[in-house]
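*Asks:* Chains as they are written, first to last, in full-length UniProt numbering: chain Y, 1 to 273; chain H, 1 to 407.
No lab work stands behind these hints, which were simulated from the structure alone. The model shown is predicted, which means the values in this text are computed figures rather than measured ones. Fair warning: there could be bad hints in the mix.
[What the hints assert, rightly or not] Derived pair list, reagent style SDA-like, types lysine to any residue, alpha-carbon separation capped at 25 Å:
| hint | chain 1 | residue 1 | chain 2 | residue 2 |
| --- | --- | --- | --- | --- |
| 1 | H | K112 | Y | V188 |
| 2 | H | K114 | H | S188 |
| 3 | H | K373 | H | S188 |
| 4 | H | K112 | Y | G106 |
| 5 | H | K112 | Y | S163 |
| 6 | H | K112 | Y | R155 |
| 7 | H | K114 | Y | T112 |
| 8 | Y | K211 | H | Q76 |
| 9 | H | K112 | Y | E156 |
| 10 | H | K275 | Y | G65 |
| 11 | H | K282 | Y | L186 |
| 12 | Y | K40 | Y | A117 |
| 13 | H | K282 | Y | L68 |
| 14 | H | K114 | Y | L175 |
| 15 | H | K112 | Y | L175 |
| 16 | H | K108 | Y | T153 |
| 17 | H | K282 | Y | F184 |
| 18 | H | K275 | Y | R66 |
| 19 | H | K112 | Y | D185 |
| 20 | H | K112 | Y | G65 |
| 21 | H | K112 | Y | R157 |
| 22 | H | K275 | H | E146 |
| 23 | H | K114 | Y | G187 |
| 24 | Y | K90 | Y | V269 |
| 25 | H | K114 | Y | L252 |
| 26 | H | K114 | Y | G106 |
[Said to hold, decoys possible] If you only want the chain Y side, here are some residues facing chain H, beta carbon under 7 Å, derived:
| hint | residue |
| --- | --- |
| 27 | T28 |
| 28 | S51 |
| 29 | P125 |
Think of the CB as a built atom: it goes at the ideal place given N, C-alpha and C, for glycine as much as any other residue.
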Amino acid sequence: MRLDEAFRAAGRRPLIPFITAGDPDLGTTLELIRILDEEKMTAIELGVPYSDPLADGPVIQAASGRALVHGVTLSTVLELACEARRNGVKTPLVLFSYYNPILQYGPQALITTAAEAGVNGMIIPDLPWEEGREIAESARVHGVDLIPLVAPTSRERIRRIVSDAQGFVYCVSSLGTTGVRSRFDLGVDDFLDTVREWSPVPTAVGFGISKAEHVRRFLKHADAAVVGSALVREVERAGEAFFDPARREEALEGIRRFVRELAEPRSTVASRT
Amino acid sequence: MTVESIDHLQAGAPGRFGNFGGRFVPETLMTALDELEEAYREACSDGEFQGELKALLSEYSGRPTPLSLAERLTKQVGGSRIYLKREDLNHTGAHKINNTLGQGLLAKRMGKRKLIAETGAGQHGVASATVAALLGMECKVFMGEEDVRRQKLNVFRMELLGADVIPVTSGSRTLKDATNEAIRHWVSHVEDTFYLIGSVVGPHPYPEMVRNFQRVIGDETRAQLLEREGRLPDDVVACVGGGSNAIGMFTAFLGDSGVRLHGVEAAGEGLDTEKHAATLTKGSPGVIHGSLTYLLQDPHGQVLPAHSISAGLDYPGVGPEHSHLKETGRVRYTTAEDREALEAIRLLSRTEGILPALESAHAVAEGVKIAAKGKPESIVVICLSGRGDKDVESIRQGLEGEGHAVG
Numbered sequence: 001m002r003l004d005e006a007f008r009a010a011g012r013r014p015l016i017p018f019i020t021a022g023d024p025d026l027g028t029t030l031e032l033i034r035i036l037d038e039e040k041m042t043a044i045e046l047g048v049p050y051s052d053p054l055a056d057g058p059v060i061q062a063a064s065g066r067a068l069v070h071g072v073t074l075s076t077v078l079e080l081a082c083e084a085r086r087n088g089v090k091t092p093l094v095l096f097s098y099y100n101p102i103l104q105y106g107p108q109a110l111i112t113t114a115a116e117a118g119v120n121g122m123i124i125p126d127l128p129w130e131e132g133r134e135i136a137e138s139a140r141v142h143g144v145d146l147i148p149l150v151a152p153t154s155r156e157r158i159r160r161i162v163s164d165a166q167g168f169v170y171c172v173s174s175l176g177t178t179g180v181r182s183r184f185d186l187g188v189d190d191f192l193d194t195v196r197e198w199s200p201v202p203t204a205v206g207f208g209i210s211k212a213e214h215v216r217r218f219l220k221h222a223d224a225a226v227v228g229s230a231l232v233r234e235v236e237r238a239g240e241a242f243f244d245p246a247r248r249e250e251a252l253e254g255i256r257r258f259v260r261e262l263a264e265p266r267s268t269v270a271s272r273t
Numbered sequence: 001m002t003v004e005s006i007d008h009l010q011a012g013a014p015g016r017f018g019n020f021g022g023r024f025v026p027e028t029l030m031t032a033l034d035e036l037e038e039a040y041r042e043a044c045s046d047g048e049f050q051g052e053l054k055a056l057l058s059e060y061s062g063r064p065t066p067l068s069l070a071e072r073l074t075k076q077v078g079g080s081r082i083y084l085k086r087e088d089l090n091h092t093g094a095h096k097i098n099n100t101l102g103q104g105l106l107a108k109r110m111g112k113r114k115l116i117a118e119t120g121a122g123q124h125g126v127a128s129a130t131v132a133a134l135l136g137m138e139c140k141v142f143m144g145e146e147d148v149r150r151q152k153l154n155v156f157r158m159e160l161l162g163a164d165v166i167p168v169t170s171g172s173r174t175l176k177d178a179t180n181e182a183i184r185h186w187v188s189h190v191e192d193t194f195y196l197i198g199s200v201v202g203p204h205p206y207p208e209m210v211r212n213f214q215r216v217i218g219d220e221t222r223a224q225l226l227e228r229e230g231r232l233p234d235d236v237v238a239c240v241g242g243g244s245n246a247i248g249m250f251t252a253f254l255g256d257s258g259v260r261l262h263g264v265e266a267a268g269e270g271l272d273t274e275k276h277a278a279t280l281t282k283g284s285p286g287v288i289h290g291s292l293t294y295l296l297q298d299p300h301g302q303v304l305p306a307h308s309i310s311a312g313l314d315y316p317g318v319g320p321e322h323s324h325l326k327e328t329g330r331v332r333y334t335t336a337e338d339r340e341a342l343e344a345i346r347l348l349s350r351t352e353g354i355l356p357a358l359e360s361a362h363a364v365a366e367g368v369k370i371a372a373k374g375k376p377e378s379i380v381v382i383c384l385s386g387r388g389d390k391d392v393e394s395i396r397q398g399l400e401g402e403g404h405a406v407g
């Protein structure tokens with residue numbers, strides 16, 4: 001299923017969960033992908049661990065650190081995506097990686113491998129629009145969408161960034177790094193409405209979204225909500241339980257309940273005006 | 001990654017030095033970088049701003065700094081004549097103040113009253129705290145917990161100057177991580193906060209702007225030597241961590257093809273060990289702290305920790321213009337080990353009565369090697385970027401470790 005189809009599909013939840021690949025280990029990540037697929041997410045973001053995640057707050061930094069200890073790399077995450085597809089996972093998969101691991105892998109090689117692995121999109125948080133033109137073009141040719149980010153500070157940049165967007169546009173809810181927030185800026189609704197008005201593709205909002213209440217609030221102004229740190233923290237809390245055969249199933253079901261409680265599936269096909 | 005494979009990355013685009021440089025930061029910061037660049041360009045062509053900066057450099061920091069002929073050192077080495085550019089005689093004891101005065105005035109001009117800075121050894125942190133006090137601004141300095149421990153006196157100095165020192169506990173708890181944390185703080189407070197970067201690193205326009213605030217080093221040196229000797233030097237040597245004193249020194253001589261330029265990185269415990277900070281010698285191109293440049297990394301693009309006895313050179317990246325100057329071959333980049341830097345400190349202290357910073361000692365070590373092989377009529381200029389008072393404890397431990405009698 002393509003990203004734009006998933007945003008419209010009835011029966012899918014308007015949620016994009018983020019998990020760090022390899023936290024707590026690759027086997028568990030694969031199981032988490034299965035559960036998120038069963039729960040009909042709009043897309044699943046797979047975080048590639050990085051030594052210097054400068055857009056991330058403490059929760060995802062720590063998850064990244066745990067995954068790196070297991071030697072998880074961009075290649076491993078691509079193999080993981082492949083395996084998820086072999087297991088029948090249908091939900092769109094979006095790779096989330098800082099730019100340097102991509103640069104070392106080779107952007108062209110990554111795009112072809114990602115397309116073969118069944119990856120639908122890529123988010124590169126430290127690759128702004130200006131620096132990403134070439135990658136966006138070749139990704140498009142291979143059917144992989146380079147998802148652009150817009151922030152409340154983007155102002156006059158918004159129109160240019162969303163003009164040729166593919167897949168969806170990722171709206172950063174507020175200033176700062178990823179992580180749970182207790183409140184959001186007052187101007188965020190106007191910002192989201194502006195992006196939605198100008199974007200040719202659906203919009204998703206992320207950064208700081210941790211509760212059903214946040215999701216409800218933001219879905220009035222965007223087509224999906226990204227839940228990252230809050231979910232990663234649930235995975236972290238379950239911790240050792242994933243490695244205990246007696247408690248593993250319950251830990252996985254705990255994650256299922258967590259995402260279920262965040263949002264109901266869309267009841268009708270979403271239309272864009 | 002090979003150099004060839006980055007050729008398609010918009011070489012020649014704004015903010016590039018050949019293939020290197022650029023802006024690889026979260027979208028949240030892009031507008032702030034545009035605003036900074038615009039304010040900087042305006043300031044460059046504003047006589048009042050330039051006049052104010054010039055006055056501070058001379059009346060507050062004590063510029064021009066002397067260019068001293070090191071007679072006893074020259075005699076002992078027995079080769080070319082050695083001159084020292086005395087950046088150690090600046091206010092706060094290093095070249096860092098040239099840049100913090102410039103950026104501090106720019107922050108004031110932009111109406112921002114909150115400064116943040118990263119620091120390794122604490123020299124840039126002290127220079128930032130100093131300028132914040134001078135201009136009546138708030139200042140937060142991010143410093144790796146490991147460096148906070150190594151540089152207790154500088155932490156106290158910054159606090160005396162009214163700055164908040166924020167220990168950084170992520171990653172390797174050194175300069176690299178302090179920089180990450182400063183960027184994270186900036187992303188959260190970008191609307192009222194000015195990020196005062198301490199070297200020629202980071203996203204465009206920082207490498208260019210910091211170079212231009214530091215180029216006074218080389219401009220003065222060139223004029224001083226022409227006046228004194230009626231000629232240009234044969235060799236110019238400077239240490240390279242991020243590389244701001246080196247770029248500041250080299251810029252004036254880039255067009256003088258007869259002047260050989262040498263950048264000296266820290267080889268730590270040796271280039272064949274994992275404990276070094278020789279980014280240009282042993283690293284490869286990639287992205288760190290918003291810039292495409294050489295860095296120390298593993299094959300998967302994870303940044304590797306650097307090591308040097310000198311906290312100011314203990315950095316796995318390097319300014320993008322240095323990467324470009326390496327590729328073009330205009331500058332020769334080499335290294336000095338911890339023990340060579342310590343030896344150079346003893347030598348300079350005893351022959352000239354000058355205690356150099358551990359960083360600058362790397363340049364002294366290489367400069368002495370070059371002079372020893374040179375002709376008596378040749379001239380070697382060494383950039384003495386800072387004084388060594390801050391390093392006395394590390395030097396004592398280092399020399400004792402080497403088995404030297406210190407007394």
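*Asks:* Does each hint fit the structure? Answer for all of them.
*Replies:* So, going through the hints one by one against the coordinates:
{"no.": "1", "hint": "H/K112 - Y/V188", "in the structure": "holds, 23 Å"}
{"no.": "2", "hint": "H/K114 - H/S188", "in the structure": "holds, 13 Å"}
{"no.": "3", "hint": "H/K373 - H/S188", "in the structure": "violated, 53 Å"}
{"no.": "4", "hint": "H/K112 - Y/G106", "in the structure": "violated, 40 Å"}
{"no.": "5", "hint": "H/K112 - Y/S163", "in the structure": "violated, 33 Å"}
{"no.": "6", "hint": "H/K112 - Y/R155", "in the structure": "holds, 20 Å"}
{"no.": "7", "hint": "H/K114 - Y/T112", "in the structure": "violated, 46 Å"}
{"no.": "8", "hint": "Y/K211 - H/Q76", "in the structure": "violated, 72 Å"}
{"no.": "9", "hint": "H/K112 - Y/E156", "in the structure": "holds, 22 Å"}
{"no.": "10", "hint": "H/K275 - Y/G65", "in the structure": "holds, 21 Å"}
{"no.": "11", "hint": "H/K282 - Y/L186", "in the structure": "violated, 49 Å"}
{"no.": "12", "hint": "Y/K40 - Y/A117", "in the structure": "holds, 20 Å"}
{"no.": "13", "hint": "H/K282 - Y/L68", "in the structure": "holds, 23 Å"}
{"no.": "14", "hint": "H/K114 - Y/L175", "in the structure": "holds, 17 Å"}
{"no.": "15", "hint": "H/K112 - Y/L175", "in the structure": "holds, 17 Å"}
{"no.": "16", "hint": "H/K108 - Y/T153", "in the structure": "holds, 21 Å"}
{"no.": "17", "hint": "H/K282 - Y/F184", "in the structure": "violated, 45 Å"}
{"no.": "18", "hint": "H/K275 - Y/R66", "in the structure": "holds, 24 Å"}
{"no.": "19", "hint": "H/K112 - Y/D185", "in the structure": "holds, 21 Å"}
{"no.": "20", "hint": "H/K112 - Y/G65", "in the structure": "violated, 35 Å"}
{"no.": "21", "hint": "H/K112 - Y/R157", "in the structure": "holds, 22 Å"}
{"no.": "22", "hint": "H/K275 - H/E146", "in the structure": "holds, 16 Å"}
{"no.": "23", "hint": "H/K114 - Y/G187", "in the structure": "holds, 23 Å"}
{"no.": "24", "hint": "Y/K90 - Y/V269", "in the structure": "holds, 18 Å"}
{"no.": "25", "hint": "H/K114 - Y/L252", "in the structure": "violated, 46 Å"}
{"no.": "26", "hint": "H/K114 - Y/G106", "in the structure": "violated, 40 Å"}
{"no.": "27", "hint": "T28", "in the structure": "violated, 21 Å"}
{"no.": "28", "hint": "S51", "in the structure": "holds, 4 Å"}
{"no.": "29", "hint": "P125", "in the structure": "holds, 6 Å"}
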